[in-house]
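Student: One line per chain: the protein sequences are H and V, in this order. 1 is the number of the first residue of the first sequence in full-length UniProt numbering; add one for each residue after it. 1 is the number of the first residue of the second sequence in full-length UniProt numbering; add one for each residue after it.
Everything labelled a hint here was simulated from the structure, so no lab data went into it. Virtual Cβ for every residue (Gly too), placed ideally from N, Cα, C. Check before you lean on any hint, since a few could be wrong.
[To be verified] Quick partial rundown of chain V residues pointing at chain H, CB under 7 Å, derived from the structure:
{"hint": "1", "residue": "Gly-9"}
{"hint": "2", "residue": "Ala-185"}
{"hint": "3", "residue": "Ala-186"}
{"hint": "4", "residue": "Gly-191"}
{"hint": "5", "residue": "Ala-217"}
{"hint": "6", "residue": "Ala-224"}
{"hint": "7", "residue": "Tyr-227"}
{"hint": "8", "residue": "Arg-229"}
{"hint": "9", "residue": "Tyr-295"}
[Claimed, not checked] Computed footprint of chain V on chain H, listed as stretches where at least three residues anywhere in the stretch have a Cβ under 8 Å from a Cβ of chain V:
{"hint": "10", "stretch": "153-166"}
{"hint": "11", "stretch": "469-481"}
[Unchecked claim] Calculated from the model, a selection of chain V residues having no Cβ within reach of chain H, i.e. all distances over 10 Å:
{"hint": "12", "residue": "Glu-101"}
{"hint": "13", "residue": "Pro-105"}
{"hint": "14", "residue": "Ala-108"}
{"hint": "15", "residue": "Glu-161"}
{"hint": "16", "residue": "Leu-250"}
{"hint": "17", "residue": "Leu-260"}
{"hint": "18", "residue": "Leu-276"}
{"hint": "19", "residue": "Thr-340"}
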Amino acid sequence: MIRFEDVSVTYDGAAEPTVRGVDFEVPEGELVLLAGPSGVGKSTVLGAVSGLVPHFTGGTLRGRVTVAGRDTRTHKPRELADVVGTVGQDPLAHFVTDTVEDELAYGMESLGLAPDVMRRRVEETLDLLGLAALRDRPIATLSGGQQQRVAIGSVLTPHPRVLVLDEPTSALDPAAAEEVLAVLQRLVHDLGTTVLMAEHRLERVIQYADQVALLPSPGAPLVLGTPSEVMAVSPVYPPVVDLGRLAGWTPLPLTVRDARRRAGLLRERLERTTAPGAEDVRAGGTVPEPPVPTAPRKPSRGPRFLRGRTPSPVLNPSAPAHPAVVDALTVRRGRVEALRRVGLTVTPGETIALMGRNGAGKSTLLGALAGLVEPSAGTVRVGGAVPHRTSPRDLVRRVGLVPQEPRDLLYADTVAAECAAADLPHARLRSRGGTPITGAAPGTCRALVSGLLPGIDDDTHPRDLSEGQRLTLALAVILAARPPLLLLDEPTRGLDYAAKARLVGVLRSLAAEGHSIVLATHDVELAAELAHRVVLLADGEVIADGPAADVVVASPSYAPQVAKILAPQKWLTVTQVRKALA
Amino acid sequence: MRTRAIQTGTMRTGTLHPGAWWVWALGLGTAASRTTNPLLLTLLVVVAGYVVATHRTDAPWSRSYTAFVKLALAVLLLRVAFAVVLGSPVPGSHTIVTLPELPLPHWAQGVRVGGRVTAEGLVFAVYDGLKLAALLVCVGAANALANPARLLKSLPAALYEVGVAVVVAMTFAPHLVADVQRLRAARRLRGRPDRGLRGLAQVVLPVLEGALERSVALAAAMDARGYGRSAEVAPAVRRTTAGLTLGGLLGVCAGTYGVLTAEGGGYGLPVLFAGLAVALAGLWLGGRRSPRTRYRPDAWGPRAWLVSASGVAVAALLVVAAEYEPSALHPGVVPLTAPTLPLWPMAAILLGLLPAFTVPAPLKGALTAPPPPTPEEQA
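Using the sequences plus the hints, can you model the full thing?
Tutor: So, in structure tokens, the structure goes:
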């Protein structure tokens, strides 16, 4: 159905081809998963199927791509629209009209289908995707999962034979992701649609794939095979595969169910080792002893401490016992209560994962802590101050938030300029205020960048960094002010496993230095790796708050794969298991 | 054909044609422009407001009504403020207060800042401002009741591209606002003040960058979904289309020149109209190159006739009334007289309530939507 014949793509101005010698075929009616680390050209391969590469993006495509017998060299994307449906990473960028029903019809209108055919297909698609109740709704009012389903529906109505999806679930909470994947599976099974999809979160999708096409590293040839064959050699793999490799299971299990069946022996072995709670606080649920003294430091120690150009982030000495205290916080938006009587106390050195559906109020809570959202009722105290009344310059030394789109934080042209800008407000504050309360010595941010991201050139434009590097740069910029409380909103979106592992390392060492970290995330594996405590939000209310192991294991959608495999034992991550077995 | 289309469900019959709402609202607006009687104007605003209250949905475009009402109030206040500060062209004898007058140089003769504020001047300003405000409220009502995008879908096929451009622009505006909010929040997170001109200026560039990126992404999505596909047409047809369009436009240019210059008084108008007709024929023929079809266009049913007729009736009756009873529709300012409520114009305005009783109210349950997620939550 899709055939790549020795394809290489070179973008204008690039010295090297982005992908080289890609040669594979996707048979009709199969779901093929395109996997690989960031930056290997997955999106380029997907774009070549719909003809957007190179017709829209520019660049040179060598070799030949044919879809349903049509050569993309001679067919423009619009002439492939009836055989290929493409959904990009951001569904919002995809919508042309403003209501669900019109959006579903748009593609068919362009193709000139008869009115009665259009009406019938719209109704079928509404049912197929479970969108019937939303048909008249303006798209802007839908949740992330609903928008993603509308985006898929809008390319389904012309009955394409091929569906191309770029990261369809990365922005979705676990339940919404399953919803979307169930739809895809139904399309493959019932309609015989051919699906080619790229996704970083393999743990969500690998079990649905008939075949996996792996791009192991930039420029390396593409490997195509059954999921278990490919996973045995892949540099990117989900936790279930990691556990399978650790336990030496062959063939590798790909689903939790397969792994559970074989896990009897492993469970017995683990039974005999130390229970996870005894030595690892992450699973044990004991809140760590605060590594920084809770009593205020002697003022005399502060300045000496801070004048030194220590590259490691040093906490604000005036920080009170709790970096953040939220009490009965209610936030109203129009008639809707985004948060209802939420209480949360953050202790120093603690990592908290905020989880819950899209739109449950996670970002609002982070926004309230960072002073971006004004409480309608209740109190928020961050480092003893009321965040939304504190001047931004003062607030950055108490709390730092890395938003969902880290790029928003960066506006300079080079990494060096970005760092200089990050140090500036603090330096200025010190020169004007006389007594240095805290301050980033010039170079603090740059030292942080070198520590977190070795090998980044000063002259690099932030836009040219990879997703993970940009996140780290934003993190360094925020850390330059040494806030005792660090907030991260959905930090792993678009990160591959390697970048995620680096982020986990960075955040762990920050927590060990006494930073409190609150992260809002859909990524259950990340929460399992990092969090001491998990707070579940639903509909603006806290519905669970407790040690990570307890909260996460009790919930089927928020349990990480290892917990599901090894239940009822409370193991959360492969790292823990590896340590216990060693 | 139409009946069959309605029976097979390929036309939208459940909702009122958006054009009907616009005709109704513009009718009320025309009526408002014909009178300065504050009682009649207030009645018009109440009528429009009542219909909006009963018939608007919770869609984003419906929320613009509040913005229009606020704008109308601002216009009214501004008009009165100008009358107070800059004086009024209406002579008056009832001085309310005398403001200190700003001495101006002789070349600014005729301009006055401060000075006497008369009751007549104020009343005149209020009447005048109220007229503008009522007009704005009527336009706001149309916006709240009819989806503007749906209205553009009713354009003829040849103007389809224009419609798409406008719809895309309209969906872009809220995105831009969200971007500005997000980037200002990000500035705050960097420890920079998020208020003030400088704060805004530094946000402009990234916002424009984001808008550009989004439009490129949208263009890619539209291309991949078949936008701009063209059907095979005979070369002869293509050539004729080009000839007609070009010739028509030339004709329009020549005609306009003729109309505007003194010499061409005789041939100007006919050439202009002929050019227009030829250009339209070219557009129509050009529309055949596009294979597009239309999904569920709105049907113009009996209700649409009723609603638009009620608007037209209000306008027509007030135009007639302005001829016959000018004193009742334009209450005197000099000398000051209390406005009266003329019976017949009042009854005519009440005709505008017809849609409130003939059009079924939208199902609140089905259309009640939570407000859009905040920019931070959207992803």
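Student: All hints are to be evaluated individually against the structure, with a verdict given for each.
Tutor: We went through each hint and held it up to the structure:
Taking 7 Å as the C-beta cut-off, the interface hint given for V:Gly-9 holds, the closest approach to chain H being about 5 Å. At a threshold of 7 Å, the smallest CB-CB gap from V:Ala-185 to chain H is about 5 Å, leaving the interface hint in force. A cut of 7 Å between beta carbons decides the hint on V:Ala-186: the least distance to chain H is about 4 Å, and the hint holds. At its closest, the beta carbon of V:Gly-191 sits 4 Å from a beta carbon of chain H; the interface hint therefore holds under the 7 Å criterion.
A distance limit of 7 Å between C-beta atoms decides the matter here; for V:Ala-217 the minimum to chain H is near 4 Å, and the interface restraint holds. Interface restraint check for V:Ala-224: the shortest CB-CB distance to chain H comes to about 5 Å, inside 7 Å, so the restraint holds. Here the hint on V:Tyr-227 is kept, as its CB sits about 5 Å from the closest CB of chain H, short of 7 Å. Restraint check, V:Arg-229 versus chain H: the minimum CB separation of about 5 Å is within 7 Å; hint holds.
The beta carbon of V:Tyr-295 is positioned within 7 Å of a beta carbon in chain H (closest approach about 3 Å), and the interface hint is therefore held. For a cut-off of 8 Å, the count of residues in the stretch 153-166 of chain H with a CB near a CB of chain V stands at 3, and the three-residue condition holds. Counting residues of the stretch 469-481 of chain H whose C-beta sits closer than 8 Å to any C-beta of chain V gives 3, which meets the bar of three, so the coverage hint holds. With a least beta-carbon separation of about 43 Å from chain H, V:Glu-101 lies farther than 10 Å from that chain, consistent with its non-interface assignment.
In this structure V:Pro-105 is separated from chain H by more than 10 Å, as the shortest Cβ-Cβ distance comes to about 45 Å. Consistency note on V:Ala-108: stated as away from chain H, and its beta-carbon is indeed over 10 Å from all of that chain's, at 44 Å minimum. Here V:Glu-161 stays apart from chain H, with its beta-carbon at least about 12 Å from theirs, past the 10 Å limit. Every CB of chain H lies more than 10 Å from the CB of V:Leu-250, the least distance being 32 Å, so the non-interface label holds.
Listed as a non-interface residue, V:Leu-260 keeps its Cβ farther than 10 Å from every Cβ of chain H; the least gap is roughly 40 Å. A cut-off of 10 Å between C-beta atoms confirms that V:Leu-276 is not in contact with chain H; the least separation is 28 Å. The Cβ of V:Thr-340 lies farther than 10 Å from every Cβ of chain H, with a closest approach of about 42 Å, so its non-interface assignment holds.
In summary, the structure agrees with every hint in the numbered list given earlier.
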